Amino acid sequence: MAIFFQQIINALAIGGIYALMSVGYALIYSLLMFTNFAHSVAVTFGSYAMYLAMTRLTSNFYLGMFAGVIAGAAVALIIEITSYKPLLIKNSARSSLTIIGLGISTIGTNAIILVFSSRFKVIPTDFGGKSVHILDAYVSAIDIVIVLICLAMLFGVQMIINKTRLGLAIRAASHDLDSASLMGVNVQQLLTIVFVLAGAMAGMAGVMTATKYQAYPALAANMNKSFIAAVVGGLGSLEGAVIGSFVLAMGEVMISGYVSSELRDLFSYGLLIAILLIRPRGIMGKRFDDKA
8 MAIFFQQIIN ALAIGGIYAL MSVGYALIYS LLMFTNFAHS VAVTFGSYAM YLAMTRLTSN
68 FYLGMFAGVI AGAAVALIIE ITSYKPLLIK NSARSSLTII GLGISTIGTN AIILVFSSRF
128 KVIPTDFGGK SVHILDAYVS AIDIVIVLIC LAMLFGVQMI INKTRLGLAI RAASHDLDSA
188 SLMGVNVQQL LTIVFVLAGA MAGMAGVMTA TKYQAYPALA ANMNKSFIAA VVGGLGSLEG
248 AVIGSFVLAM GEVMISGYVS SELRDLFSYG LLIAILLIRP RGIMGKRFDD KA
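Heads up, the sequence shown is in the working numbering, so the first residue is 8 and it goes up one at a time.
Worth flagging that the hints you see were computed from the coordinates, not collected in a lab.
Quick caveat, the model's predicted, so the values are computed rather than measured.
Incorrect hints may have been included.
[Claimed, not checked] Label-pair ranges, simulated between beta-carbon atoms:
1) Val-139 with Ser-188: 48 to 54 Å
2) Ala-100 with Arg-126: 38 to 44 Å
3) Ala-100 with Gly-277: 29 to 35 Å
4) Thr-105 with Ser-186: 20 to 26 Å
[As the list claims (entries may be wrong)] Heads up, simulated SDA-like pairs for lysine to any residue below, C-alpha to C-alpha not over 25 Å straight-line:
5) Lys-97 with Phe-253
6) Lys-97 with Leu-155
7) Lys-219 with Asp-133
8) Lys-170 with Ser-147
9) Lys-219 with Phe-12
10) Lys-137 with Ser-147
11) Lys-219 with Thr-116
12) Lys-92 with Ser-188
13) Lys-92 with Ile-107
14) Lys-219 with Phe-11
15) Lys-170 with Gln-196
16) Lys-137 with Ile-151
17) Lys-219 with Gly-174
Beta carbons: idealized from backbone N, C-alpha and C, even for Gly.
Build the full structure now, drawing on both the sequences and the hints.
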């Protein structure tokens with residue numbers, strides 16, 4: 008029972024990280040109908056920004072975390088202004104946005120290798136290696152911190168979407184971008200804000216991943232699991248992205264813990280294929296005419 012409880016907490020921590028990423032995917036997809044594969048670059052830069060902050064500027068975990076979030080938001084803003092906005096102004100096909108995102112992801116990973124090398128970087132924290140005794144089980148303190156921070160950020164984003172004028176504009180634009188523009192919404196400004204918000208969540212995902220494991224260049228590629236979570240939950244649905252993230256994480260952890268860790272990826276991609284065959288729109292997704 009103690010081991011099972013430990014696995015549950017571990018799954019919640021991983022699911023929270025996936026959710027931060029997948030909600031960013033869902034936000035952008037709900038507005039622009041394309042999959043932003045460059046989104047994962049903000050994860051890597053967020054993790055390395057925290058590494059630099061924690062090793063050269065401060066020993067305070069929360070200041071380092073703030074640096075990672077700011078880095079993720081800044082990277083997303085730069086990508087949106089330099090790469091996506093010119094294509095959107097030209098009214099390019101959504102497939103072009105997806106393709107350029109894949110290119111940016113590869114460039115970002117190689118840029119990290121050039122600057123920091125391909126070696127893994129350990130994030131120094133005060134609670135590294137510590138555990139907390141709960142219900143006859145020893146749970147990693149890092150996992151508890153990750154669960155609490157991820158849930159807090161997801162709750163904050165949910166409040167923004169549902170309780171603010173910005174959230175109202177995002178919801179209106181997700182239904183019909185052109186109609187929202189006619190009703191007075193500054194669409195270009197709104198898209199920039201959404202990219203920054205998604206980048207901040209990606210930066211936090213990078214911070215949490217580097218804290219739980221380490222910072223490394225291939226982090227962006229490995230975070231593509233969050234894209235699977237977004238598809239499982241339903242691209243364009245924020246609630247679906249969160250549900251898909253925790254379903255995927257729970258399945259991965261239980262299979263790794265009780266069957267074999269070698270079957271972890273088999274489960275993830277098998278779930279993706281099954282969802283696309285049985286319910287292509289995902290658990291809570293809507294039907295869209297144009298997808299990329």
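Would you say the C-beta atoms of Thr-105 and Ser-186 sit inside 20 to 26 Å of each other? Cβ of Thr-105 to Cβ of Ser-186: about 24 Å, so the range 20 to 26 Å holds.
Take the C-alpha atoms of Lys-170 and Ser-147, compute the straight-line distance between them, and say whether it is at most 25 Å. This hinted pair is violated, its Cα atoms lying about 34 Å apart.
Lys-92 and Ile-107: Cα distance at most 25 Å? 12 Å, holds
Is the straight-line distance between the alpha-carbon of Lys-97 and that of Leu-155 25 Å or less? 42 Å, violated
For the pair supplied as a hint, Lys-219 and Phe-12, confirm whether the alpha-carbon distance does not exceed 25 Å. Holds, at roughly 18 Å.
Given hint Ser-188 paired with Lys-92 - CA-CA distance at most 25 Å: 16 Å, holds
Is Lys-137 within 25 Å of Ile-151, Cα to Cα? 11 Å, holds
For the hint 29 to 35 Å, verify it against the beta carbon of Ala-100 and that of Gly-277. With a Cβ separation near 31 Å, Ala-100 and Gly-277 satisfy 29 to 35 Å, so the hint holds.
Is it true that the CA of Lys-219 sits at most 25 Å from the CA of Asp-133? 13 Å, holds
Proposed proximity, Phe-253 with Lys-97 (alpha carbon, max 25 Å): Distance of about 38 Å is beyond 25 Å: violated.
Given pair status - Thr-116, Lys-219, alpha carbons within 25 Å: Satisfied, since the Cα-Cα distance of roughly 20 Å is no more than 25 Å.
Hint consistency between Lys-137 and Ser-147 [alpha-carbon to alpha-carbon, up to 25 Å]: Given that 25 Å is the threshold and the Cα spacing comes to 6 Å, the pair holds.
Consistency with the previously given hints fails for numbers 5, 6, 8 and 17, ordered from lowest to highest.
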